[in-house]
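Protein chains: 2
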Amino acid sequence: MAITGAQFIGSKRSAEGNTTFQGINPVNDEKLTVNFNEATTAELEEAVQLAEGAFTAYANTTTTQRANFLDQIAEEILALGDELLERCHLETALPMGRLTGERGRTMGQLKLFAQVLREGSWVDARIDKAMPERKPFPRADIRHMLRPLGPVAVFGASNFPLAFSVAGGDTASALAAGCPVIVKGHPAHPGTSELVASAIISAAEKSGMPNGVFSMLQGVGHELGGNLVKHPLITAVGFTGSFRGGKALFDIANQRPVPIPVYAEMGSTNPVFILPGALEERANIAEGLASSLTLGVGQFCTNPGLVLMEKGEASKGFVERLKTAVESIEAGTMLTSGIKAAFEKGVGGLASIGVGKVATGPSAGTANAVQAQVFQTNYSALKSNPTLAEEVFGPSSVIVEADAKDEILEAAKKLEGHLTATVHATPQDLEDYQELFSILERKVGRIVINGFPTGVEVGNAMVHGGPFPATTAPATTSVGTNAIKRFARPVSYQDFPQSLLPDALKDSNPEEIWRLVNGAWTNDKI
Amino acid sequence: MAITGAQFIGSKRSAEGNTTFQGINPVNDEKLTVNFNEATTAELEEAVQLAEGAFTAYANTTTTQRANFLDQIAEEILALGDELLERCHLETALPMGRLTGERGRTMGQLKLFAQVLREGSWVDARIDKAMPERKPFPRADIRHMLRPLGPVAVFGASNFPLAFSVAGGDTASALAAGCPVIVKGHPAHPGTSELVASAIISAAEKSGMPNGVFSMLQGVGHELGGNLVKHPLITAVGFTGSFRGGKALFDIANQRPVPIPVYAEMGSTNPVFILPGALEERANIAEGLASSLTLGVGQFCTNPGLVLMEKGEASKGFVERLKTAVESIEAGTMLTSGIKAAFEKGVGGLASIGVGKVATGPSAGTANAVQAQVFQTNYSALKSNPTLAEEVFGPSSVIVEADAKDEILEAAKKLEGHLTATVHATPQDLEDYQELFSILERKVGRIVINGFPTGVEVGNAMVHGGPFPATTAPATTSVGTNAIKRFARPVSYQDFPQSLLPDALKDSNPEEIWRLVNGAWTNDKI
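Protein chains in written order, with my numbering: chain H, 1 to 526; chain R, 1 to 526.
For the record, the hints were derived by calculation from the structure and aren't laboratory data.
No experiment lies behind these values; they were computed from the predicted model shown.
Some hints could be false.
A pair holds if it fits inside one copy or across any two, identical chains being indistinguishable in the list.
As the list claims (entries may be wrong) - List time: in silico DSSO-like cross-link candidates among lysine-lysine, alpha-carbon distance up to 27 Å:
| no. | residue 1 | residue 2 |
| --- | --- | --- |
| 1 | Lys485 | Lys506 |
| 2 | Lys12 | Lys525 |
| 3 | Lys230 | Lys247 |
| 4 | Lys485 | Lys129 |
| 5 | Lys383 | Lys345 |
| 6 | Lys31 | Lys340 |
| 7 | Lys485 | Lys247 |
| 8 | Lys383 | Lys135 |
| 9 | Lys230 | Lys506 |
| 10 | Lys230 | Lys414 |
| 11 | Lys111 | Lys129 |
| 12 | Lys31 | Lys230 |
| 13 | Lys405 | Lys230 |
| 14 | Lys357 | Lys525 |
| 15 | Lys311 | Lys135 |
| 16 | Lys31 | Lys135 |
| 17 | Lys135 | Lys111 |
| 18 | Lys230 | Lys383 |
| 19 | Lys413 | Lys230 |
| 20 | Lys485 | Lys413 |
| 21 | Lys340 | Lys506 |
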């Protein structure tokens, strides 16, 4: 497929803007082929109006129709073949193996939401039958289910150009819920975005979905995104990226005449606790941590940036072993020169507040290669410089040695919200540090025991979320099947005739879904 | 029980403030006995710190312990006997029969949340078992459930001094979720608040709940409430009241360094559509509407303030009959002189924009008695004065006559968010106006067919919520069992040993709750 640089306003290609931008190869900072038009205000308006026009028809498609559409998107992405992977590799410098895996993950997410639709219980169907004889007042027939919100704006992330971008988890879950989607493509991979958008449009056409169910606008400035979030017809926002970007959209959304939810996943430092017994017995945690902190050149939302342990002979040995491991891991190229600059500013900041560097990874010759860096300090320093616990996006981590258990618990209590916390522990450690888990439960979305935070399973039980500032919506997850609920709200239907009820609420239960009927779960008809 | 006018800081009574206020009898605007101390900043701080101190112990009580606590609160409220009802009657002028019913509703809500806890599925337990052999990567064991947020601030409403106040739905659902609650009592019924608070404290002591699980602060100004919402240890807010009050708290909460959710139910105009066949055939809709709009002196969040119908002979007859009905319904006394003044300003505003008054109810001799009022206009006037569709809190309603179906649908499309919409329709009307339901589904939380919006059932399927400006949290309900989910967030537990998992996630499923295990719903053990 030829990349043209035009927007997708539904099925229509549009290139009305006067300004253009290009993708950049992070390996040499050279501009890539194709001039991408920045979307104009008129193009944005047209895309939103088209999405609104498509809403009712799309919201009332059957679950099977929407499931087939999602499956078809996965097929169309696969059908783009190596062209997609190669363009993506040029734009991001991510290795082909990683991109092949990420494509599989992206397709898997789409197919998982198709399964969620076919299984059907996500709508939270609840039926309280009428009780005409009840005293002192009769009870009406009341039925409840989740219904889609309306057009949704999705902001693609730079670090997962497939799985968290144009056809990523936010788009898949919003489309599954029955909401038209308008993507603001990330300017770091515009060609990838266009190819994936073409796959979605192709799937929409083949599946008979209404035109406007999907559009994509490209641009480099903040104005386009801000205007999208301000548009009165946009009803929710999905975002993965920096704290600054996510918080800005959250503020815009809350200041609208009609505020709307912003589901911003803004990353975090993902503290790792290595408890005394595990530190003593399991030296290979050091190698595991080195791999985790350098995975994808550290450009993971769940990258472990803070490691806490009690100081002693074992911690000394651990740091030695971590140093050896980090020094042996090949350097990688970051996604953009901006991300590299921010990383170097971040690690420079750590050095400037007197935190000692204990390991530096190998260098490489590409324009945006960076060296992994490990720092070491003690709990008093962390206490007086809480910025040490803030995210430096990239392959760096700060080891904090504490004098005793009390300091470890105090450090945990002082944490802000993070996506994950990890605890390495022996059975004895778990007993000794039981209090730690009550603390962490309030600080993070996911607690990992004896593993590493990178690697976010896409399943039913995943929470990729957490308290602010990790996200702007702590009651939700952006990965896993529950992500679909972000784009719906409950509606009650009182004394509706059967013919007017949605299928999920009909007595006959044609979709055979699980429902709460008069307080009891059942997948029977009534 | 003697009313003292002091705060409840957990079990402790505290009256540190220098300023006091009194309850007022709306019948004669005379001050009632007892000087209530306004809470000081230090008392607020003490209550919040105590709630935070109680959190971990309370969050980790068993579901049975919390269910028993809720049941006990209901018993303690009943044990207050007539003293509660009589004080409440003095403070609100609401009839004793209504207050007896509202006490029953309040107790019923508490007991319903106790049942929700015993049934257990509200925690959304999800288990994806480990798949160590999966290629290319093994799957970890990941388990998911909802966990309580932390201390919650609840603002009592004036119009339901029992069911939406100190021990109302917000308090019941937050306590059920495992969150300590700090109530800011509504200054229109301070003696009622104190009596109910004493019942909660008594239940907490008898049930062995940690001190601080409940506190109540009294005050008349906005500062106390604002400071409560700003406090860093408060994690969520429940509110029922005016748009102005709810929106102010929402803005404060979003401007905190760490924003928190505000679940504000702010009322609405609850449009009623009387479709042509029903208008022609069912004259007694007029009497039903007259009852609904004057119920509780119109002081219901779901009061029908806007009625739409096609103009013709039938609408003329309807208005005549509504006039007769309204004129025969006895006048009532509003809750406060401030609410009366706002009502009179509101209906005065309608008159001043040239909307014709077609019915006025009887007057009465009490200080805050008001006359029910019905206005009539046409769709063009509504179109040029959208403020006609805004809530006037009290017994008033605006009849809007449309020239044709198109105008009815256009009016529906232009609606803001409301709690409810009601449609009176024959089977033929339902066919002719099918499009209306797709429109209303996006505008309200609950659609009622051939009924009236007042009377909000407390059940599993209720949505008492709706798009902004009806609420600040359209994805939630403040009435019914799903209200509990507002005060919890999901947490994933990865590779946890059985002994460290919450009961809801253990293989043995000791509470026998419904869970999603490897994608299938079951209440078996694993």
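Okay, the hints, checked on the actual structure:
Taking identical chains as interchangeable, the C-alpha atoms of Lys485 and Lys506 lie at most 27 Å apart whether they share a chain (21 Å) or sit on different chains (25 Å). In the homo-oligomer, the alpha carbons of Lys12 and Lys525 never lie at most 27 Å apart, since the shortest distance is 44 Å inside one protomer and 53 Å across protomers. For the identical chains of this complex, Lys230 and Lys247 are neighbours both inside a copy (14 Å) and across copies (18 Å), given an alpha-carbon limit of 27 Å. For the homomeric pair Lys485 and Lys129, the shortest alpha-carbon distances inside one copy (25 Å) and between copies (23 Å) are both at most 27 Å.
When the C-alpha separation of Lys383 and Lys345 is checked against a cutoff of 27 Å, the pair qualifies only within one copy, where the shortest distance is 22 Å, while the shortest distance between copies is 56 Å. Taking the closest pair of Cα atoms, Lys31 and Lys340 come within 27 Å of each other only inside a single copy of the chain (17 Å); across copies the shortest separation is 69 Å, beyond that limit. Within a single copy, Lys485 and Lys247 get their C-alpha atoms as close as 21 Å, and across copies as close as 25 Å, so both meet the 27 Å cut-off. In this assembly of identical chains, the alpha carbons of Lys383 and Lys135 never lie at most 27 Å apart, being 62 Å within a copy and 43 Å across copies at closest.
Proximity of Lys230 to Lys506 under the C-alpha cut-off of 27 Å is found in neither arrangement, the shortest distances being 37 Å within a copy and 45 Å between copies. For the homomeric pair Lys230 and Lys414, the shortest alpha-carbon distance between copies (19 Å) is at most 27 Å, but the shortest distance inside one copy (35 Å) is not. Proximity of Lys111 and Lys129 under a CA criterion of 27 Å is satisfied inter-copy only: 20 Å between copies versus 35 Å inside one chain copy. Proximity of Lys31 to Lys230 under the C-alpha cut-off of 27 Å is found in neither arrangement, the shortest distances being 32 Å within a copy and 49 Å between copies.
Taking the closest pair of Cα atoms, Lys405 and Lys230 never come within 27 Å of each other, the shortest separation being 48 Å inside a single copy and 32 Å across copies. Taking CA atoms no more than 27 Å apart as the test, Lys357 paired with Lys525 passes in neither setting, with 65 Å inside one copy and 50 Å between copies. In the homo-oligomer, the alpha carbons of Lys311 and Lys135 never lie at most 27 Å apart, since the shortest distance is 69 Å inside one protomer and 38 Å across protomers. Taking identical chains as interchangeable, the C-alpha atoms of Lys31 and Lys135 are never at most 27 Å apart, the minima being 75 Å within one chain and 38 Å between chains.
Taking the shortest alpha-carbon separations for Lys135 and Lys111, only the inter-copy value of 18 Å comes in at or below 27 Å, while the best intra-copy value is 49 Å. When the C-alpha separation of Lys230 and Lys383 is checked against a cutoff of 27 Å, the pair qualifies only between copies, where the shortest distance is 24 Å, while the shortest distance within a copy is 40 Å. Only between protomers do Lys413 and Lys230 lie at most 27 Å apart by alpha-carbon distance; the minimum there is 20 Å, versus 37 Å within a single protomer. Taking CA atoms no more than 27 Å apart as the test, Lys485 paired with Lys413 passes between copies only; the shortest distance there is 25 Å, against 30 Å inside one copy.
Proximity of Lys340 and Lys506 under a CA criterion of 27 Å is satisfied in neither setting, with 56 Å inside one chain copy and 44 Å between copies.
Hints 2, 8, 9, 12, 13, 14, 15, 16 and 21 from the earlier list are contradicted by this structure; the remaining hints agree with it.
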